[in-house]
Amino acid sequence: MTRWLQHPPPRGVLLALLAAGLAACFAIEQFGLVDDYVRFVLITLGINIILCVSLNLVNGWMGEFSVGHAGFMALGAYLSACVSVKWLSWGDPLWMFPLAVIGGGLMAGAVGFLLGLLSFKTRGDYLAIITLAFLMIVKSGIENIPYVGGPRGFLGIDNHTTLLWTAVWTVLTLWTIRNLVYSRFGRGIVAVREDEIAANAMGVDTRKAKLTAFVVSSFFGGVAGALFAHQLQFINPSVFDIVKSTEILVMVYLGGVGSLAGSILGATAFTFLSQALQPLGTWRMVILPLILVLLMIFRPRGIMGMREFSWFVPRREFPKKEDKK
Amino acid sequence: MKPLLEVRAVTMRFGGLVALSDLSFNVAPGHAHGIIGPNGAGKTTAFNVITGIYAPTQGDVLFHGESVAGCRPSAIAHRGIARTFQNIRLFRDLTVLDNVRIACDAHARYSWPGAMIQLPSARQAEKETIGRCTDLLEKFGLGNEIHERAGDLPYGSQRRLEIARAMALQPSLLLLDEPAAGMNSAETLNLVEFLGWLRDHFSVTMLLIEHHMQLVMTFCDRITVLDFGKTIAEGTADEVRKNPEVIEAYLGQEDGHE
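Going down the list, the protein sequences come from chains A and B.
Here the first sequence stands for residues 28 to 352, numbered as in my numbering.
Here the second sequence stands for residues 752 to 1009, numbered as in my numbering.
For reference, chain A alone in the conformation it holds in the complex (with noise of 0.2 Å):
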C-alpha cells in the first residue's frame, strides 16, 4: 500500500481538529447556528462516511464485492427503532438512543457473522450474488414484520440523531476501523485479498480475517442505519433497496478502495453532488452512474486507491529518522 511517508502526523494537530470539530457541532446543535437543511445535509454526511468506510472495509481492503450493504442499514435501522418507540420508550434520550444505536449495530453484526460464514467456500462473483440474495431476504422479511409496520414502513420514530451524536459515531468508526487496519488483523484482511493460498501459509487465519470483516463492517452498516431511522424518523422497506447499496458502492469507487482518506472523500463528494443535482431530478440518476463508469475506466481503484493521508496512519508505520550526528 502506497502511502505519503514523508510526513508523519504533526503530534495533536489532529485531536485539535478533532475537539474543534466536535465543539462546532455542539455549538451548531445548541445554539441553532445553522438553518435546518445544512444541519439535514451534514447528518447525512456522516452517516454517509461511517457506511463508506464500514463498506471499504469488506470492498476494499478485503477486495470482496458486497452489494448488501442496505441490508445492514436496514437491519440497525429496524432494530433501533424498535428499542426506541416500543421497548425502551420511556427512556432518556440520552442513554436510550446510543442502547439503540449499538442495538442496531449488533444486530447487523450478527447477521454479519452468518454472512461472514459463507464466505469462506465462496469468493467473487459468487460472494456477490450471495450478498444480493440477503438483501432481497432483508428486504422481504421485514415486508412480512407486521410488528415493525410491513411494507408500510415505521411510523414515528423520534428525531434522535442530533449532528453531534452523529459526529461522534462518526469518529468512532473512523478511529476503530483505522486501528483495526494497522493491527494484525487488518494485515491478516488484505492479506485474504492479495493472495488467499499465502496468507494462509503465512499463519494467517483467513477464516478469522473473514468474520472479523464481515462482522465490523455490518456492525457499523447497522449503526449507520440506526442513525438514518432516528434523522428520516419514517423508515420502509423499500428505502434499504440494491439502489441504497448502490449509492454506497459509488462512494467507495469514488473515493479510493482501501483508503480512510478515500472513504470521507468518497463519501463527501457524493452527498455534496447528489444535493448538488437535486435540481436536474431524474437526471440525477443518469450523472451519477455517469460518473461511476467514466471512473471505473480512468481510475478504477478509486481517487484516493490504496493510499492514505498521512495523518489518518499510525505514526509508528512511518520510516524513523536516521540519525544525523
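Among these hints, one or two may not hold up.
[Said to hold, decoys possible] Now the in silico label distances, taken between C-beta atoms and shown as ranges:
hint, chain 1, residue 1, chain 2, residue 2, range
1, A, R342, B, Q809, 45 to 55 Å
2, A, A160, B, E999, 54 to 64 Å
3, B, S862, A, K113, 28 to 38 Å
[Claimed, not checked] With the C-beta cut set under 10 Å, the calculated list includes, among others, these residues of chain A facing chain B:
hint, residue
4, F67
5, P173
6, Y174
7, V175
8, L207
9, G213
10, G215
11, K235
12, R343
13, P346
[Unchecked claim] If you want the ones that stay clear, here's a sample from chain B, every Cβ over 12 Å from chain A, calculated:
hint, residue
14, P780
15, R950
16, A988
Just so you know, these hints were derived from the structure itself, not from any lab.
Glycine included, each C-beta is placed from N, C-alpha and C at the ideal position.
Take the given structure of chain A and dock chain B to it, following the hints.
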C-alpha cells in the same frame, strides 16, 4: 535421532488421478533434505499435503511426532512449518515490511477488540513486531527496501523476501519449492551460499524441491527421488546418483534390441 517430519504412506487422489501413491519419507532435524524427480512426479503436491493445502486421501503426516494431516494451513504454519512457492507468491501490492509482518503476526497475542480501541498492550506488540521484522529484513539484506512495494523489487530480491517472510514465522522446518527457478548459474552459486547461511544462522531444517542438480547434490544431506508419486530412491547424493532406477527415470529406459 527422531525425525522432525514423517510422511507416512501418503496417497493423494484427485478424482481418477493419483498424484501421490503410498509416499513415505522422513526428514531428520538439522538436515537439508532434497526432493527431486521429473516434472509431474508429485513434488509440489507433496509440499501441498505437508502444508495443509490438501488433506491426504490416505496416510498421515507427522511433525514433531504429532499428526498434522488435514489441519488448516494456518494452523500448520503456527506449529512451525513455513514455505515458499514455486512461482513467487508475495503480497505484491503491500510493502516489504508488511509482507514480513503478516507472517510475524502469527506470534503476536492481542485481541481484535483490543486492537480496535488501541489498548497499550496492542500498541506495544505492534511496535515489537515492527522492530523484529526490521531486524530480520536487515539480516536478509533488504533493510533499504523496507517501505518499497514488494512487487517492485527485482526478481532475486523477491525470492529473498519470500524466504525472509517464511522465516518470520520462526519455523523449525522450511519448505522451499524450487528456490533456484529462473536463476542463472552464477546466481545459483550465490543461492547455495545463502542457503548455507540460512541453515547455520537460523538452525532451521530444510526440505527443498529443486531441478538444479548441482545445487541439490552439493547442498542436500539427503535426497528423496520421486517418480509417478512414489519414492524410487532415497539416500545421500552419491547413493542417489548411482541408483539405476533414478538414471532410468531421468534418462529413460534403454530400448530393447530390435
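Going down the list of hints, with the structure as the test:
1. At roughly 53 Å, the beta-carbon separation of R342 of chain A and Q809 of chain B lies within the given 45 to 55 Å, and the hint holds.
2. Checked against the hint of 54 to 64 Å, the C-beta distance between A160 of chain A and E999 of chain B comes to roughly 57 Å, which is consistent with it.
3. One distance hint, 28 to 38 Å for the beta-carbon pair S862 of chain B and K113 of chain A, holds here, with the actual separation near 34 Å.
4. The interface hint given for F67 of chain A is violated, since its Cβ lies 30 Å from the closest Cβ of chain B, which is over the 10 Å cut-off.
5. Because the smallest distance between the Cβ of P173 of chain A and any Cβ of chain B comes to about 37 Å, over 10 Å, the interface hint for this residue is violated.
6. The interface hint given for Y174 of chain A is violated, since its Cβ lies 32 Å from the closest Cβ of chain B, which is over the 10 Å cut-off.
7. With 10 Å as the threshold, the beta carbon of V175 of chain A stays out of range of chain B, its nearest partner Cβ sitting at about 30 Å, so the hint is violated.
8. Interface restraint check for L207 of chain A: the shortest CB-CB distance to chain B comes to about 5 Å, inside 10 Å, so the restraint holds.
9. Evaluation of the G213 of chain A hint against chain B yields a held restraint, the C-beta minimum of about 8 Å falling below 10 Å.
10. With its C-beta approaching chain B no nearer than about 7 Å, G215 of chain A sits inside the 10 Å limit, and its interface hint holds.
11. About 9 Å separates the beta-carbon of K235 of chain A from the nearest beta-carbon of chain B, less than 10 Å, and the hint is met.
12. Checking R343 of chain A against chain B by beta carbon gives a least distance of about 6 Å; that is within 10 Å, so the hint holds.
13. A hinted interface residue such as P346 of chain A counts as satisfied when its beta carbon comes closer than 10 Å to some beta carbon of chain B; here the least separation is about 6 Å, so the hint holds.
14. Every Cβ of chain A is farther than 12 Å from the Cβ of P780 of chain B; the closest lies at roughly 21 Å, confirming the non-interface assignment.
15. Annotated as non-interface, R950 of chain B keeps its C-beta farther than 12 Å from every C-beta of chain A; the closest such distance is 21 Å.
16. Residue placement check: A988 of chain B keeps its beta carbon more than 12 Å from all beta carbons of chain A (closest about 29 Å).
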